[in-house]
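Participant: For the record, the sequence lines run as chains A and B.
Numbering of the first sequence is given in UniProt numbering, commencing with residue 1 and proceeding in unit increments.
Numbering of the second sequence is given in UniProt numbering, commencing with residue 1 and proceeding in unit increments.
Don't take every hint at face value.
Stated by the list, open to error - Think about it this way: if two alpha-carbon atoms lie no more than 27 Å apart in a straight line, the pair counts; the simulated DSS-like pairs of lysine-lysine are:
#1 B/Lys95 - B/Lys55
#2 B/Lys196 - B/Lys147
#3 A/Lys7 - A/Lys99
#4 A/Lys12 - B/Lys146
#5 A/Lys99 - A/Lys115
#6 B/Lys95 - A/Lys12
Stated by the list, open to error - If you want the ones that stay clear, here's a sample from chain B, every Cβ over 10 Å from chain A, calculated:
#7 Arg39
#8 Arg76
#9 Thr84
#10 Arg150
#11 Glu186
#12 Ser191
#13 Val192
#14 Pro209
#15 Asp232
#16 Arg249
#17 Ser250
#18 Asp384
No wet-lab data here; the hints were simulated from the structure.
Computed from a predicted structure; not experimentally measured.
Glycine residues also receive a C-beta, built at the ideal position from the N, C-alpha and C atoms.
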Amino acid sequence: METSFRKIDIDKYDEDVLNDEDLYDADPRDPAMVLEEAKQRQVAVRSSLAKNDTAGALAVILDSPPYGPNTEQAKEITLSTLLTILNSTKTTEITPVIKSLSQDAQDTLMKYIYKGMAMPGWGDISGSVLLGWHEKLTEVTGVGSIVRAMTDRRIV
Amino acid sequence: MSPEVFSLSQTPITAHAFSADRKDIAVSLNSNDVQLYTRKGSDWTPTETLSEHDKLITSIDWAPVSNRIVTASQDRNAYVWTETTDAETGKLIWKPTLVLLRINRAATHVRWSPLENKFAVASGARAIAVCSFDEESNWWVAKHLKKPIRSTVLSVEWHPNNVLLAAGSADMKARVFSGYIKEVDERPAPSVWGSKLPFNTICGEYSSPAGGWVHAVGFSPSGDALAFASHDSSITIVYPGGPAIYTIRSPSLPLVTLAWTSEESIVAAGHDCKPLVYAGSEQGWQEVGTLDDSSSSRASEGSRSGFGSSSSVGRLKAGAFATFRDADSRGQSSLSGTATGLSDTKLNTIHQNTILSVRPYEVQGGYVTKVSTSAVDGTLVIWDTNEVSALAGKMGGVRI
């Protein structure tokens, strides 16, 4: 996804340029491994969902998500898997499910909700679901989680 | 005792520093000048203006023993101000001495070392200038801490041993450096941070948990623990001896300043406009409450528009939502001076805007019993650190 606001590369005139990659610790897994993992998780999530275990499925998908360069496909798979979970959860179940997650997982969930809303076209399909989850999640975590989703350079 | 509140100006207070006897205060009112005030009863009267900088003053520190003020500014300079008798008039005046900082970006933060023979200036030039006095030339010279800083340094704080220096930076890291200068320092005793400490030794490097700028750093009174607050709404306490690292993710807006009040407690404040209290030990840390008891009379004056009391997110029928709806459908503006419109914009905290600085004000028996805060609303407040009220039940106000 194109997110940079500056279209001209002025950094090539700066000897001591600070790259995006310098601002976070790189993922120790290599991209192929991450992709493989994302696919395995997709399967694991389906079987959890078949057993009606929404909390379990979310915990699986939100654990060490793919970030960093060269993992576009893994990111996409993870997001679409996550959306299937969000879409298939009953409204009354949302808050207890969110409360069962770890703080890390809650923050990651917030990142995916924003990513889902930012994807062109995706908002039309699952916009209301994402907004519903966003509301419930903010009730549990406070605005702190939104702040963390905005600051974190480990973009999912 | 309820907090003492002083409204100093209509402009933000960028930085503040008290004299040793707490009778004088130096503030930067978001301008190029340092304004000095003297306390007269329950009021502060302006006394002197120190003008030498030609850009915004970002930080001020007042050395308690040697009675010198150091100021840092966006004009890339720092000055040390000494109170001397003017030869002609016989009056006491503050005389500036230029510091050769040799940085090409703004100076962002300045702090005297505990022995007051050095100070550190953080800057946007990806460097910290550690300054000491050169007797021969009669000026202050700087040595630079550069590696491995990757971005603007936002805050610095000295270890009680006068050698180690903590720095928080916009590259999402808090670091502990050695600021040892052989001309002025004695060899420091070994500590949890290390034993051999030549200049620019990195004794610790810690990332903020979710990639936020590190706004504030601070050593505990013993110097054996480090705390830092970052823009990802979190505060982290590090025990290098353990090693143990505790991170508290806050449900509210980020903290930008902090001060240790004892070995087991920290007061921190920021965009939520109220000082929070954290307590813990090497076994763990937690938030225990706030110094701003918002349940008092102010609470009845109404809450922050759209944020305060509404318990349900997304259904902001009151406050901001109502304001816009009225403006849209009925052409009513809440600015027209109605009582409700005015009270709607008042926060139920004492400070009405971001708190930029919290500093120890009164120390008794090794404990900081009072802290002072200054904020964007131009208000200076002195708080009793024992007056902690629990946040429980008031969180509704914090979490949107």
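Participant: All hints, please: hold or fail.
Facilitator: Against the structure, the hints come out as follows:
no.: 1; hint: B/Lys95 - B/Lys55; verdict: 19 Å, holds
no.: 2; hint: B/Lys196 - B/Lys147; verdict: 18 Å, holds
no.: 3; hint: A/Lys7 - A/Lys99; verdict: 41 Å, violated
no.: 4; hint: A/Lys12 - B/Lys146; verdict: 22 Å, holds
no.: 5; hint: A/Lys99 - A/Lys115; verdict: 21 Å, holds
no.: 6; hint: B/Lys95 - A/Lys12; verdict: 45 Å, violated
no.: 7; hint: Arg39; verdict: 37 Å, holds
no.: 8; hint: Arg76; verdict: 17 Å, holds
no.: 9; hint: Thr84; verdict: 41 Å, holds
no.: 10; hint: Arg150; verdict: 6 Å, violated
no.: 11; hint: Glu186; verdict: 35 Å, holds
no.: 12; hint: Ser191; verdict: 27 Å, holds
no.: 13; hint: Val192; verdict: 24 Å, holds
no.: 14; hint: Pro209; verdict: 8 Å, violated
no.: 15; hint: Asp232; verdict: 4 Å, violated
no.: 16; hint: Arg249; verdict: 5 Å, violated
no.: 17; hint: Ser250; verdict: 5 Å, violated
no.: 18; hint: Asp384; verdict: 27 Å, holds
The earlier numbered hints that this structure contradicts are 3, 6, 10, 14, 15, 16 and 17.
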